[in-house]
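> Below are the chains, spelled out letter by letter.
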Amino acid sequence: MSWFTSSGGPGLLPYLLVGAILFGIGVTGVLSQRNSLMILMSIEIIINAAILTLVAFWRFVRPDQFDAQVFVIIIVTIAAVEMASGLGLVLMVFRQRGNANVDEAKELKQ
Amino acid sequence: MIGVQVFWLAPLLPLVAFGLLALGLSRSGRLASALAVLAMGGSTIVSVLGLVAAAQGMRATVSLPWLSVGGRSLTLALWLDPLSALIATLVSVIGFIVFVYAASYMAEEPLRGRFFAEFSLFAGSMLTLVLAADLITLFLAWELVGICSYLLIGFWFERDAPPIAATKAFFTTRLADLLLLVGVLLLVGTVGTGRIAPILSAVTGGKIASNLLLFIALLLFAGAAGKSAQVPFQGWLPDAMAGPTPVSAFLHSATMVAAGVFLVARLYPLFLVATPALQIIAWVGVLTSLLGGAAALVETDLKRTLAYSTMSQVGLMFVGLGSGSLLAGVLLLVVQALYKSTLFLAAGAVDRAVEENTTFMYMGGLLRRMPFTAFAFALSAAALAGLPVTLAFPAKDAILAAAWYANISLFSAALVASLLSALYSARAFSLVFLGMPSPTAQNAHEPKHGLLVPILSLALLVPLGLLVNAAVLGHPLSRLLGGTVPDVPMVTGVTLVLAIIGVVIGIGARFIWPRALVWPSLQTIGPIFAGEFGFKVLYRLVSHGGLGAVRIANIVDHALFDTLNSWAIRGLLAFVRACAEIDRTLFDAFAGVVVRVMMTVVRASGRIDLRGFDTTVRDVGQGILTFSQRVRGLQTGRIENYLLFVFMWGVGVLALAVLVALLR
Amino acid sequence: MSSGLIEWLIFLSLAMIAIVTAAGMIITMSMYRAGLALMASFVALAGLFILLNADLLAAIQVMMNVGGMLVMVLFMVMMMMDPGGEMMWGMKRDMHMRGPGALSMHMPSGPPPPEEQEGQLDAGAMSDMDVQETEVGGHDMSDMEMGSMTPRQNYTMMVDMAMSTAQLPWAIVLGVVSALLLVILLILTPWPLAGIAPTQDASRVVGELLLSRYMIAFEGAALLILAGIAGAVLLAKRERSRVQTPPETKQRGEQP
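Chains as they are written, first to last, in the working numbering: chain P, 5 to 114; chain F, 5 to 668; chain A, 119 to 374.
Rather than coming from a laboratory, the hints here were simulated on the basis of the structure.
All C-beta atoms in this analysis are idealised placements derived from N, C-alpha and C, irrespective of residue type, glycine included.
Just to be clear, a hint being listed does not mean it is correct.
What the hints assert, rightly or not - Chain A side only, calculated, beta carbon under 8 angstroms to chain P, not exhaustive: (1) A133; (2) Y150; (3) G165; (4) A177; (5) V180; (6) M182; (7) G186; (8) M190; (9) M194; (10) A289; (11) V324; (12) E337; (13) G346; (14) A348.
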């Protein structure tokens, strides 16, 4: 059973559950928020949920190989870059319109 | 020896000149005449060399393979042997002189380039004919010569007379050539080769049936007779005088008309074997001779007189050949060529002097005005008459001697013919040069040097030519050709006497002829002579008959075939109409019924289509439209909606994974 | 107490903090507060990493994400007219709107009320409004005391002020469904567990790995950072002569 470790502490599954709940919260945020920045932050939540899951797997499935940590580093880097680009775009949109609300960017519909 | 090596240049040089002139050099008349004269000069030199070589006993053959037909090979071959060398030299020497004469005579002619081209072609082909070693080559050259004759006679084709004369000459000789062709083909076919030497040896070796040989010989002579203007092919020669004088001088006096004689001489062994042919040859010759002589006696045109004279002389040549003496015929050939061409050249000078008239009445009294021309004319006329111009008798006695040996009646007829020749030649001379000049002759003068020099040089060759078989020189001709010239002193004497009588009477022609009262019979006889003993009437009858036959054939055709045609057509038309009726009534009715049935079917299917398919199609279309409009509603243009779709998709995949995990 | 129990307690507390603050980020009215909440969630996650013996990653997490969140907050301050949520708090109190001021307003899901003349209140019209109530928080318009606002104006205000879009129900459904599905999947899958604990020094090993086996990824990440910097700078650059340029010649979205 992966709920407990050998020494009685939380096993794999608790961490995975936390990750899953965080993922759900993030999804809700992405789909319901009005401001673009809030959406970006919700994406951050999702990414971090995934990172948590990854680290949990590393710890309980393959702790002798640190490739997972390298993977996490790369993910974090990419997330940071994505944030930066997203912020740039939001800034541009904000300058154009005066706000960054997503439901007012309706021009794609004819 | 050079002679044997280059003898084939003799025909080639004039042909090359023709080629160059035909290709465009004929634009410049002076260049053309110079080129032609040059070519002929070269020919002369080469032929003389060849003669010298042949006299020394050398022989040569040059051949070019041409065709191989049915196992037999045909070649174009030239041959140097005494006879060919002799005649070639004769042709080229006379040719050279006539070419030089023509250069002056045709000096004002704008189209003389063409003239010299044709003239050179003729010279080349004549030389080829003479030098031919092969019957096919000979026939080819024969035909070429005929074409040149047509072209040259009709040189001034813009005038009326020359084209008719040229056509007449061509067709007459053509008919004869057909017969010649049949003979040649028979001979070549029987023997197997066209080469003359093997043919002759086959003939003499008796390899050919005598009937066939006689037939062939007659056919060959028929061809020769056509070219040489013998009966019944003689009508064209007087009319051929419509061509320029050099043409008459070269072709129709010396060379072409002698080609027939040459042919017989060439194939003489064949004729010797087919002896009945020889007799026919002799009698045809004598008949022509009499005919020609008689016509020359009453002719009013100088050139036509000379033409009839040629006809007559050639007849005498055939008499000689037919009497069994090759040498007599060849001798007369050589001599005749020389003096006849001189006479023609002089005639050309005379008609230039009297403003292009050749009729006797425009001439007269030219002796004082044109002494040199008169001298040349007299010299040649004397030779023609039979007077011994040099120490040798001009060949006529040889002919008569041969005839004497052959047949008495032949001899008598030939005797009469030679008398006639004396008569007409003297008559001609006196009418032209003696007596009172006619108005046009008042202003006559000697021809220019360009004309006079050739005339005189040829005239001077006449006595030289007469020496060709002189006893003084040791009978060169006999040595050359082999055999002896028949010589009967009595005959010679009779001939001489007759010649003198004839000349005297002839010279008196100036004064005698007008006195028709003295010679009343002449008035009746004259037309007969002029009409060539009725041959002209015969020709006219033949041509009229031909035309009538054509008309009858036309009527028959119209009556018979056209009527048949119209009946046939009417019948067909009726048949076609009947068919149309049937078609209309029967088939159209049937077609109508079929059409009505089909229309009903079509209408029914149309209704089904409209109701069934159209409705279905419309509904389907409508359904698709509605569906697409609903789907379109998904495109809200809002980012949040799109995000929702993305995540719904993701959740869907997740659910699928869960399902899979559950099922496992 | 056994170490396992302590571990469990620490785990649970940290997990609670992470989840609650993440949820709070979405709920709260103020974006400033949302940024702070996210920072707290990340710190809690870093704590969880430490529990998982991933010290290096915890450190990296704190440095990267917390720093990133600071930047985010700065942006929000710039953009929002009421970053602290003060105005909204006051408005809610004055208008007696239900729910704590810290919680965000939601997009009304009903049709807009008809236009009215000022000063005239139509109680019947108000009741046409159908505001969806959620357990997270919402308003019941019928409880609201109308000051000087017409229903129409009120509606418009709410549309302007709302933090969440009209898709909120869908979003909640999807979030819950995805979380549930993940949970089921994670429970069901038999994970191959290794019973050992990590023994090596993470920094050393990770460093070695980065520069040996994952060199390409490392360099690629560096390149990506460079591209990101360049792109962000380019995107954020202002037009130079924005003030002086007359409006006709100004092209939209043009970057000098």
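> Now tell me if each hint is right for this structure.
Evaluated hints:
no.	hint	result
1	A133	5 angstroms, holds
2	Y150	11 angstroms, violated
3	G165	11 angstroms, violated
4	A177	11 angstroms, violated
5	V180	11 angstroms, violated
6	M182	5 angstroms, holds
7	G186	6 angstroms, holds
8	M190	6 angstroms, holds
9	M194	6 angstroms, holds
10	A289	3 angstroms, holds
11	V324	5 angstroms, holds
12	E337	11 angstroms, violated
13	G346	4 angstroms, holds
14	A348	10 angstroms, violated
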